[in-house]
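Spelled out, the chains give:
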Amino acid sequence: MGKVVLVTGVARQLGGRFVRRIQRDPEVDRVVAVDAVPPEHHLGGADFIQADIRQPTIARVLAESGADTVVHMDVTGTALGSGSRTTVKETNVIGTMQLLGACQKSPTVKRLVVKSSTNVYGSAPRDPAVFTETTPPKSLPSGGFAKDAVEVEGYVRGFARRRPDVAVCVLRFANILGPTADTPLASYFSLPVLPTVFGYDPRLQFVHEDDVIEVLRVGSHEPERGTLNSGTFNIAGDGVLLLSQCSRRLGRPTVPLLLPAVTWAGSLVRTLGMSDFSPEQIRLLTHGRVVSTDQMRETLGFKPKYTTAETFADFAKSRGPGLLPPEALAGAVDRIAALPALGGGHLPTQSAN
Amino acid sequence: MADAKVIPFDDDRSRGSAVQRPQRRRSAGNRRKSGESALVREVQPLPGRAFAQDDVPVTREEQPPQQPQDHGGLERRIASGLAFLRRRLTGDYEVDDFGYDEELTDQVLMSLLRPVYENYFRVEVKGVENIPSEGGALIVANHSGTLPLDGLMMQVAVHDHHPAGRHLRLLAADLVFMLPVVNELARKLGHTLACAEDAERLLGQGELVGVMPEGFKGIGKPFSERYKLQRFGRGGFVSTALRKGTPIIPCSIVGAEEIYPMIGNAKTLARLLGFPYFPLTPTFPWLGPLGGIPLPTKWTIQFGEPIPTDGYPPEAAEDPMLMFNLTDQVREQIQHTLYKLLVQRRSVFF
Chain A
1 MGKVVLVTGV
11 ARQLGGRFVR
21 RIQRDPEVDR
31 VVAVDAVPPE
41 HHLGGADFIQ
51 ADIRQPTIAR
61 VLAESGADTV
71 VHMDVTGTAL
81 GSGSRTTVKE
91 TNVIGTMQLL
101 GACQKSPTVK
111 RLVVKSSTNV
121 YGSAPRDPAV
131 FTETTPPKSL
141 PSGGFAKDAV
151 EVEGYVRGFA
161 RRRPDVAVCV
171 LRFANILGPT
181 ADTPLASYFS
191 LPVLPTVFGY
201 DPRLQFVHED
211 DVIEVLRVGS
221 HEPERGTLNS
231 GTFNIAGDGV
241 LLLSQCSRRL
251 GRPTVPLLLP
261 AVTWAGSLVR
271 TLGMSDFSPE
281 QIRLLTHGRV
291 VSTDQMRETL
301 GFKPKYTTAE
311 TFADFAKSRG
321 PGLLPPEALA
331 GAVDRIAALP
341 ALGGGHLPTQ
351 SAN
Chain B
1001 MADAKVIPFD
1011 DDRSRGSAVQ
1021 RPQRRRSAGN
1031 RRKSGESALV
1041 REVQPLPGRA
1051 FAQDDVPVTR
1061 EEQPPQQPQD
1071 HGGLERRIAS
1081 GLAFLRRRLT
1091 GDYEVDDFGY
1101 DEELTDQVLM
1111 SLLRPVYENY
1121 FRVEVKGVEN
1131 IPSEGGALIV
1141 ANHSGTLPLD
1151 GLMMQVAVHD
1161 HHPAGRHLRL
1171 LAADLVFMLP
1181 VVNELARKLG
1191 HTLACAEDAE
1201 RLLGQGELVG
1211 VMPEGFKGIG
1221 KPFSERYKLQ
1231 RFGRGGFVST
1241 ALRKGTPIIP
1251 CSIVGAEEIY
1261 PMIGNAKTLA
1271 RLLGFPYFPL
1281 TPTFPWLGPL
1291 GGIPLPTKWT
1301 IQFGEPIPTD
1311 GYPPEAAEDP
1321 MLMFNLTDQV
1331 REQIQHTLYK
1341 LLVQRRSVFF
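Chains as they are written, first to last, in my numbering: chain A, 1 to 353; chain B, 1001 to 1350.
Some clues are possibly wrong.
[Stated by the list, open to error] Going by beta-carbon spacing under 8 Å, a handful of chain A positions derived as facing chain B: (1) P26; (2) D29; (3) G199; (4) R248; (5) P253; (6) R335; (7) P340.
[What the hints assert, rightly or not] No farther apart than 30 Å at their CA atoms in a straight line, the calculated lysine-lysine pairs in the DSS-like style are these: (8) K89/A <-> K147/A; (9) K110/A <-> K303/A; (10) K138/A <-> K1340/B; (11) K1340/B <-> K1267/B; (12) K1126/B <-> K1340/B; (13) K138/A <-> K1217/B.
Simulated from the structure, these hints should not be mistaken for laboratory data.
Note that this is a predicted model, so its numbers are computed, not measured.
Every residue, glycine too, gets a C-beta built ideally from N, C-alpha and C.
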């Protein structure tokens, strides 16, 4: 007999893709897809059950499906459609509590995979340059999605203590990007002009959607020989991009603003409900965050297909050219180089710091 | 200020002092004049540096061709300058996990620091052969001068003089990473936060790491305590080196103490601004931005004999007694070399 996998948060693109992918694995018999709203995309042959994980019904769903593997992907920063921040927070925190409570009572559950985020490390100037899984954050996230993720991980740790027979895998993803990603950072990079914080050039790390799906699969199956897939792992592509590099590769000009102005504008935008440009997001775009992926490579045995730069290139390709496409700039420089008399044609350097 | 070069230990080492004293007196007479003329003459470096942060490449890519060179060399330089510009504009360059931008450092930032290093402070480097040409090593130096120019000069010294062209990765205080612009430049120059995690990671990658364990106590000490080493923190650098088995290279920097003679400390203002100290020098803040120009002292940077740490058992890093002994050994060696260099020094400015 094969596995029964229960996946939460399938109404999102990433959840839908994971459901479709994991059905194709030979050891998987049945996939139960759960979300509070019906997904707009198809879920392959998975059984969709409309259930709100904030309600105790999730326990019945879990018991009836007899799932042995639970993949909890309903920990997200932004609301689907027109939900408010309160709904998102409730789904993240209360939903996780309900789901874990249901898992704790279920005799069939053998494996739990939780999608978390490197947001749990926060982002502060006093942090070490590279976070490992054991680095305690210098400044705990004060609110928003980062705080949700910290709380979710706390409940998951509690569950792992109470049910030592269940293999628990917490995957802390760096910023997820890709052609279909709908993360706050993806919408930030889609702005025609990128507001940045003056005097800061944060280091960013990205992980490609395809790698997210793959690593979730690694977490939900039996571990390969010589690897261990229970524990907490940072998941990110190799290498680092600076925000200035990102903007140049995207061809979108930046507007450096003073930090107080950015904070103020961020809270204004939030109050008006235009976008969820949270304080964490601003801190990430100020101080940046880089995590160590040694555990992912050595213990989990996962090698991402895309590096940070390749992930970003794939994302940039899907977004179309910006106002200053890098090809045009490169062409302009080449034209200057082709000039027989190299005179005062060096003006474009103004932005090249 | 007049007693800037009088160092008490000179008295009990009378050898050479008879020869040196007349020379010093002469230089003391000249000093004020030369100092003033230097102030006027050297106004360019600082604005130049601030200006160049924004428009880095071309100002200096165009400078070299000014020198009479053969035409092919000039064209090559322009071509490489344009290729550099092309990479920068399209974002097609690499940085490491710490944000170190090797290309920008080598081609731009070092070229901006080099005039200060060569012509302003006229740094003399000794013992650069004590730095291994490969593998991790921890350079431990004294810290002084109100502003951390000594670290930057040490970085240029290693970069320009080491035969293997090694890059020094400095560990900086958290204040550096809180200040806008400064943190960006520090990261691009390869600096990182002075914490055990970062230091161990860099040493593990086989990098050359520079640390100034005196920290703010050293850099912000009053002028009357110049060249007196402060406490070396908690000796964390020793346990980091022990854990990685990398040698410790003591480094003594002479000349940095006098660049901004700190005669007072506006503590209230410092607290208000969130700085560890607010220096009052003979020129700052009285002369406004002019007071920000360092005195053109003559520097000597000496790298000492490496102290090996690989002979110790793994649990040695947890042994506080050994830690204190090694810390003291490093500190003594730096202090001793400082005294030696000071005795050899003819004057503060020459």
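Violations among the numbered hints = 1, 2, 5, 6, 7, 10 and 11
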